[in-house]
Amino acid sequence: MSCFDPETVRQNRPILLACEAIGWFHMVGKAHMNFLRRHGGENVSYEYEKWHEIRQPPFPWDEFLGWIKDYANNKIPKDAWPESIKEFTEKHGKKDPGLLGLLQASHGITSGIEKNLPKSTSEYLSQPLQHMWLSSPFGHPKCNLFADQPEVLTEHGWEQLVGEVRRILEELKKLASVGSQDIFSWTRWRESAIGDRSYLRRAFLSTIAETRLPNNDVTLWDQSYVAAALFKSAVAGAILNEKFPWKDGNIKQKVRWRLLTVAIGIDHYEARAVKIGDWTGMQSILEMFFKEVSRLVEVDLAIGSLLYRDSGTAIFSFPGEHFDEPSPASWLNGLEDWLQKQIENIARDLQLETPPLVRLSDPTRSLVPLVSERRTAREITAVPLYKAWDIPAQNQRESEGNICPVCQVRLNDDPTNKGKPCKVCQDRRHHRLNDWLKGQLDYNTIWFEEVADRNDRIALLTFSLDLEPWLNGERVDSLRAQAISEWARFNPELSKGPNPIRPTDLMDKLVGEIKNRLRESGKFKFDKDDSLLNSLQEGFKFVRDTNKKRDDESSEAFEERLWKTFFQSVVEDRAVAPSWGNLNDDQRAIWLSHQLFCKLPSPGRVYRFWRETYEFFETLLKKFRQIAALSDNPWRVRRLLIKPANFSDWKDCTLYNGRWRGMQLSLVYMKELGKFITASNLARLLKPEESKNVFQGAQILLEEEDAFGKSETMIVDKASEIDNYPHLSIYHPVILLELSPLRFRIIIPLEVASECVDLAILSWKELFARVWDRLPLRIGIVAFDRTSPFQAIIETVRNLEDQLHQGGETWKVEQNEKCQCSNVLQLKREDGELVLRLIPTTMPDGRKDVFYPYVAVEDQLLRHPLDFRHPNGQIYRHVSDLKLGDGVKVFPSRVSFVFADSSGTRFEPPKIFYAEDWEKVRETWKLIEKVAPSQTALQRFQSALNDLERKWRDSPEKSSSDLWRDTLRALIVEYLEIKGQALEALTEMAVKGFLQYALDWHLTVLKKSIKGG
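Note that the numbering used here has the sequence shown beginning at 9, numbered continuously upward.
The hints are simulated quantities; they were obtained by calculation from the structure and are not laboratory data. Treat the hints with care, as some may be off.
To be verified - Between beta-carbon pairs, the in silico distance windows are: (1) V391 - E866: 32 to 42 Å; (2) E822 - V999: 43 to 53 Å; (3) P158 - D793: 22 to 32 Å; (4) I388 - D714: 32 to 42 Å; (5) N463 - Q882: 47 to 57 Å; (6) P158 - K557: 29 to 39 Å; (7) E825 - S942: 39 to 49 Å; (8) K150 - Q882: 23 to 33 Å; (9) E763 - D793: 16 to 26 Å; (10) E91 - L846: 54 to 64 Å; (11) E91 - I388: 45 to 55 Å; (12) E866 - R175: 57 to 67 Å.
As the list claims (entries may be wrong) - Derived DSSO-like pairs (lysine-lysine); straight-line CA-CA distance at most 30 Å: (13) K773 - K99; (14) K99 - K283; (15) K773 - K938.
Computed from a prediction, not measured in an experiment: that's the story for all the values here. The beta-carbon is built from N, C-alpha and C at its ideal position, and this holds for glycine as well.
Please model the entire structure based on the sequences and the hints provided.
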């Protein structure tokens, strides 16, 4: 059996990268306003597939890419190429062999089967031009592309886009013509083409690939990028397979892919971090690791492209066997082992203490297995040394000394110092310092001293969205591509007569109709001209044409195979579902009726899901930076250079701590300048009206950060602005710990933590209003003093995150009222509290939203035309159809806070709030600020309330709720002298516990003061 030879793909790198570029550009014509005009009802003669011919002179595709036919002649036969390169943009939905067939397969599978709706029966889903909206994948309208045109849809933007396509192809041709073997040159070309700052990416992200509802949720970038990734991998697989059927006209239906997962056990490194620099420095190393892995897969081998990425996992597209091949195919022999060795070499070069995992999935035609592959990888790498892994010492001295307190595997070459890290960990710790000095951190600080608020306190906020069930399609099942009743209403007549489904029929009617079509007189019968199924799925009529009866096959077996083929395409390729052979006819009909109408986790949409949540956290980060910098003291975000009058052997790039004006002051020495840079919150040291000159002549006793007991006095000659390093003169008082689709961690001043959490909840309510019950936001707040050990804080955070991941609940509908474009839903939680939810139920153009706002209900019966049943039995109901008493299954959003004022705090169970309760805690405090007479009275009341609660827990009257209410009311009157509505409101909040938590959080943790205190 042959073994994988990497040179086979390396020699064809220009071809594979050119094919990827073809994938990026094959739908570029959709980035023109005429594409929207034509599909928005305006009588415009525009075919996006032939945009290049409308231009004068025509865009010269063959001039830029014609070279690839000769270049690839040794691996790709000439007749596998189209006559002209322009056919790659013109023949999207066709049925072609060779490379066109591979692109068509990649394009089709990325777009999703729900796009294969017959035009005649799906016209009602079109958006009018005046309301041509780009939506989020969770149903939130983002931009009216006609009323608020993004740059690319203007004439100037279009010309810039065409010029960018020309530039990218010209540079590609130049690299190929000189036979460049420089991986970094190819990497730079690809990064300039589709990197985060590229014009192509920004342009394609701003417009849609599909204008019909509800498929206006996937951007042109999502579809183009993923289609390009799959096309690139499909061509790589064909090149590796010497027996690839280049002339097979049905290759579009046969091609499959695999997923390549690369993972590293990040929890190990996080748990071992002694200081924050150990973890942030390690993150930089891990970023380098994944960057090198991406370069290997995406450019060096050019065998795949990144489809998913979080902090510890990267998943790439990868070649897979087509349906006619055995699995695993011979051309894959040794490939996984070879990749494992190469990626292990990358890890060793970066001196990682744990081995990476390299894993190939089974062949697939979707990204649904992405979640299971990630979970498996995380489970394996949860054991740091899941396989043998050598960590050699770098030199003789590193074979001596104490065990490094960070990595706990190397020696630190210093027998006298147990706290000293080894050289590798020391270098990592200072890695972020180098990034800071070079201005590579977006003005974020790296110093706790600068983050700390006026009380010298800090907060670590952790946010997560329950995204995995969306990536694997589990919760996508709650969305509709079409509502059965709406489809029936707009299609009363089908091609062969009246539609058997009426707008008032329930889903069971459709199931029965499909079941009747499976068999005729007890035998399987596949009628390719059936008007019902052809009106729902454009590919139905082609199944018989692409599958020929075999000589040894009975007619009955052949008819069943046709149904099985259709079932595989519509169901098995798009859901975690049982296979055809494991179901009876009733179950098959149920699965088909469900899949033909639900939104599907197509590769383009799965890619958009995780990109959307990443962008949500990224937007929060930008807003948190602004909130953290708010201050009435301009010194809050400024730094100064401190020139010493006396000279000493200060260590370069080292943090020194001292005290000035009775407060802590931190300075970083810069040997190149012979000066110190301040690394403290100067607003704690200087009044707003004071100038930098107040430092002149100051005597500050400085102590090196890690050299306890060794101190020296520094006399300040003068303080000045930072001219040589302007990027260090100002800063954002935040430290970003993690930003991934699944989790966002950030360190901020404690005094602004409440505002940041309020903003996050408000943003979540707006952007995810239609899926509030299925995409919960979980928020953890850990407050701590600046001097707290980082290891203890991280452990507290991890425990808190585990506590926040609780299961679902059933809430009862108490009231449901229509309010303009939304429904106001009042629900009773399991704890008896009432919750209000404002859920948009109307599209921006005024039509009823029958696509997104559905909820899982307890009811076992279909009762309304919009009701539908998942094959597992779960009923989903449109929000507008909910009635009093309906039980709604909810995954609640939760918030919790911990004040880590001692090392034992991390072991105590935290109080978990519903997000709604956090808002009530905040509202309670706002009321207190208005009505409390003084700070002293409030503090006395808090102390008395705590005493009362302790005594009440042991009191025989504790079961009397009325007595408890009256006692609390009396206590409030006694200490706060409040009357009227405010008294009743605070009493109610005290009964429910919100008043106590409001006082604990705002008085004890935040040290808030009220007017008159």
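Does the Cβ-Cβ separation between E822 and V999 fall within 43 to 53 Å? violated (20 Å)
I388 paired with D714, Cβ distance criterion 32 to 42 Å: Check passed, 36 Å falls within 32 to 42 Å.
Is it true that the CA of K773 sits at most 30 Å from the CA of K99? Roughly 42 Å between the alpha carbons, so the hint for K773 and K99 is violated.
Measuring from beta carbon to beta carbon, are E763 and D793 in 16 to 26 Å? holds (20 Å)
Has the hinted range 54 to 64 Å been met by the Cβ atoms of E91 and L846? holds (57 Å)
Has the hinted range 23 to 33 Å been met by the Cβ atoms of K150 and Q882? holds (29 Å)
Verdict for E866, R175 (Cβ pair) under range 57 to 67 Å: holds (58 Å)
Range hint 22 to 32 Å (beta carbons of P158 and D793) holds or violated: At roughly 47 Å between Cβ atoms, D793 and P158 fall outside 22 to 32 Å, so the hint is violated.
Starting from the range 47 to 57 Å, see whether the pair N463 and Q882 falls in it by beta-carbon distance. About 50 Å separates the Cβ atoms of N463 and Q882, which means 47 to 57 Å holds.
Pair hint outcome, K773 versus K938 [Cα-Cα no greater than 30 Å]: holds (27 Å)
Could you say whether the range 32 to 42 Å given as a hint is met by the Cβ separation of V391 and E866? holds (41 Å)
For the range 39 to 49 Å, tell me whether the beta carbons of E825 and S942 fit it or not. holds (42 Å)
In summary, the structure is inconsistent with hints 2, 3, 6, 13, 14 from the numbered list given earlier, while agreeing with the others.
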